[in-house]
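Residues per chain, in single letters:
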Amino acid sequence: MAYRILIVDDEPALQSMVGEILAGDGYEPETAGTCAQALERFRAAPADAVLLDVMLPDGDGFSLFGQLREVRDVPVLFLSARDEDAARLHGLGLGADDYITKPFLPQELLLRLRAVLRRVYRQEPDTARLGETEISWGKGTVRRDGEEMALTAKEFALLKKLWEARGNIVTIDALCETLWDGPLVGYENTLMVHIRRLREKIEADPSHPKHLLTVRGLGYRLVREVTP
Amino acid sequence: MKMRSLLKGAGLVAASAALIVALTLVGIWSFIFYNTDSGRDWSAPVGEISQALTWDGSGYVFTGEDLLDGDRWAMLLDESGQVVWSLRRPADVPETYTIMDVASFTRWYLSDYPVQCRVRDDGLLVVGSPKGSVWKHDMAMDMDTLLQVPIWFAALFLLALGCVLGLAYRVLRRWFRQEQQVRDAARSGGINGVSHDIRTPLAVVLGTAAQLEADPTLPPERRKQAAVICRQSQAIRDLVNDLNLTMRLDCAMQVLRKETLQPAAFLRQTAADFLNSGMAEGYPMEMDLPEAPLPDIEADTFLLRRAVDNLLTNCVRHNDPGCPIRMGARAEGAFLVLWVESGGAASAPDPEEQARRQLGPDGGAAHGTGLKLVSQIAAAHGGEARFYGGEAFRCELWLPAVGGS
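Here the protein sequences come in this chain order: A and B. For the first sequence, our numbering begins at 104 and goes up steadily by one. For the second sequence, our numbering begins at 10 and goes up steadily by one.
Chain B extracted, bound-state conformation:
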């Protein structure tokens, strides 16, 4: 969703940039075209003027006076450079021209008058405009360079487009990030608020149910019912806790307080605390640690404990008492693998069998938020959680080992 919006935004900016560039280019092109030789606003219609000037056997007859504006003038030079006909020729325009004069004014100006010329059978027709009214520029270019012009134009256009797109991407990304942060904060705040509001009533429910469960004056049936309320309240409490943490990890709002951990000591302590809490009563627990020392890991103890606790709780919730819970660790290349397994028989990790039994990254939808959180915690540590189904449910947390490459 976020990526799609980002692409949509970037596309919009790119289209706008392309449109602006295209409009600018067309505008510049039109302006130049309209105001140069091909345009009609400044130049005199030399061809028509020439047609309107004819020789009747005795002299020149000009019938196109309306083609010449009042402040323009014209003259016809013969092959020797002598003026043989003229109309409104200014006084400072000479009557005779050498070949050098002709070469000069056809390219530049004639006595500062901008002129246009047309070669006729009987000479050269010169049409002049007022001084300072037209800017003339002679342009010549190497042919190879001229042929490269489109490539240069295209390259510059692409460069400009790239700059615009890059800038737009940065701006949009920052904008989206800010938007996302605001949305995340609102979402997290909402869930935090709900979880806060639910905690006090849940504390009353849980506390009262636990009191009833422990009340020796109540009949066993009633105490059993209170125990059910107690267990379910604990499940809701765990869910609220998981939901809160999931949200914080999802929105990258959870600060990781990493420290160096010895995996064996960590696992033993987590298992001991779980057993001490009474949660695993009736579930034999087996610890499988190798003889050789395991590599240390950099981890947030609170989060990692939460992940392993969730796995152990999951084992207890989904298995009947008597079902063994196995846990352990092993070094695997640059990773340290912490694993928890329940149900079935103890299985040595066989790659083919493992691959066949591997579940999705959330450990199967049936297990809900708890295992999703395990995945998130592993990911937050730069590792991953792998879940395996089948007769035994197994989860492996692959975490980068200290000194692993």
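With the rest of the complex left out, here is chain A:
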């Protein structure tokens, strides 16, 4: 089922552009140019998420945010030309799920919206595939070549963190923060041991990894799809 996203912005060109971006990614966009229109549409059929401009002809997005939330508690992302810290903090302080400053790249908007929807509607599949390896998040195991191997708590947390980064680099500091809830100092070697053990479980050739890659001097990244 496609998510219905309500775009509230008084600029028709932006409405249609964002609408196209969302439609292109499989969402069902709806648009409103004023607070009144947005409320009317939202009351008639609440959307699954709202992209909300701050400055609207008949009011401000911050007030509209509260009114929308009274109708139904759905994720709201502010999409505003106001980039001051005060506005951003105000928006997030009200309880918005994100605050995106215009102008933005379509990809950035989609990634942020996807992250919010994933967080709110939680539809992470229980299993994932990493090349020849199948990961079972529920059981905390990986299966490769018909052999099922249990992940230790640290290996599981490491794999989950890297998986959620969707191919992006995760610094060694962020990994240590995840595993030990503290700074890197003193844990570098232990982290490397955990990485090696994880590679032994998910990589066909742990000495020449194709999925769990080292980014020298920075950290690691998990490549989901390996192009031959």
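The hints are simulated quantities; they were obtained by calculation from the structure and are not laboratory data. Careful: at least some of the hints might be erroneous.
Listed next, the stretches of chain A that the computed footprint assigns to chain B, with coverage defined by at least 3 CB atoms under 8 Å from CB atoms of chain B [to be verified]: (1) 117-130; (2) 195-208.
To give an idea of the chain B side of the interface with chain A (calculated C-beta under 8 Å), a few residues [to be verified]: (3) 219; (4) 225; (5) 226; (6) 227; (7) 248; (8) 250; (9) 264; (10) 278; (11) 285.
According to the in silico footprint, chain A covers these stretches of chain B (three or more CB under 8 Å from chain A) [as the list claims (entries may be wrong)]: (12) 202-213; (13) 292-298.
Cβ atoms here follow ideal geometry from the backbone N, Cα and C, with glycine treated the same way.
Mind docking chain B on chain A? Use the hints.
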């Protein structure tokens, strides 16, 4: 400009204060001069009166009655203190005087009449005025003290002038600060307004261009053109962001939210985010961090990230793909130095060579607002940005380390 106006204002106030003091002093001096012995409004012309009183062999002849006002009187005492001539002498003025009487009235009053005296060959001429018409005061002063009077006057004058100037400086400074704040707020508001108005159309341009760039149904040439629009729109977006922040830092309107940062973790995260954003595709990135732990810094993460991001963006914009970008940190005395370098070969910091290659505080005018902002951010943290040109472009951010002295 601000300093010049301030000095001009202070000069104006100082000149006004000096003029007021000078006028007051001259006024007081004139008043005293005119109303004392040298003045002519209250005293009788004793010298002329004396000349008008002559001995003709048998008696005194006085020809200067018009010199004596109607309510004034005169008398002449001989050497024994006896009155030998008088004109309109009041009844309560005695006829004979002892040497003590003379000593007393020449200094004070004679039977409450204020008198002026003139010594003549034949005695003492006394000219009296009505009771209560003139105030007399005998004044004596130690000679050393008298000689110090000008110094005291000058010192008091300078003290008063200093007070006036100090007060004027404070008032003017507050006034200028308020003026500046109003001007800054207007300037910042103006730029904020323009930047706000430009963001929505730019969002449409950027979004549409990015869509076209990613559209597989378009010919590659058209997609390449859309990519150009996309890159340039991003450049305008960065410029608008930089301009806004520059203005806020310039007007001290940006609140610094400082927290303790571990430089190595900070640099790794900033570099990772930059690589993750896809901005540095085709640019190998090298991180050079020492084995020994680096000192922490107190910094506003958002601002410092912005500074390093600007440096990395600058490296990408001014170098062709394939050019390595190097970054790292080192401790240098009480400072922590974060550096970013691109182009050329990796260079160890050689002080002499560095000094030769050092550029201006804005990193060279060709690089525009981005590097100026880097300098401003470093300055806002109590540090500085140093730029080096030559084969490799290098920027070092010198920031005070926590616990550094």
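These are the hints, each one checked on the structure:
Evaluation of the coverage hint for the stretch 117-130 of chain A: fulfilled, as 6 residues show C-beta separations to chain B shorter than 8 Å, against a requirement of three. For the stretch 195-208 of chain A, the stated coverage by chain B is satisfied: 5 residues place a CB nearer than 8 Å to a CB of that chain, which reaches the threshold of 3. Given hint, residue 219/B at the interface with chain A, holds; its Cβ is 5 Å from that chain's nearest Cβ, closer than 8 Å. Below 8 Å, beta-carbon pairs count as interface contacts, and residue 225/B has none with chain A, the closest being about 11 Å; its hint is therefore violated.
With its C-beta approaching chain A no nearer than about 12 Å, residue 226/B sits outside the 8 Å limit, and its interface hint is violated. For residue 227/B, the interface hint is violated, since its Cβ never comes within 8 Å of a Cβ in chain A; the closest pair sits about 14 Å apart. A distance limit of 8 Å between C-beta atoms decides the matter here; for residue 248/B the minimum to chain A is near 12 Å, and the interface restraint is violated. Using the Cβ-Cβ criterion of 8 Å, the hint placing residue 250/B at the interface with chain A is satisfied: the shortest such distance is roughly 7 Å.
Against a cut-off of 8 Å between C-beta atoms, the interface hint on residue 264/B holds, since the closest Cβ of chain A lies about 7 Å away. For residue 278/B, the suggested interface contact is upheld, since its CB lies about 5 Å from the closest CB of chain A, less than 8 Å. With a cut of 8 Å, the hint placing residue 285/B at the interface with chain A holds, because the nearest CB-to-CB distance is about 4 Å. Chain A is given as covering the stretch 202-213 of chain B, and this holds because 9 residues of the stretch bring a CB closer than 8 Å to a CB of that chain, at least three being needed.
For a cut-off of 8 Å, the count of residues in the stretch 292-298 of chain B with a CB near a CB of chain A stands at 5, and the three-residue condition holds.
Of the hints listed earlier, those the structure fails to meet are numbers 4, 5, 6, 7, in rising order.
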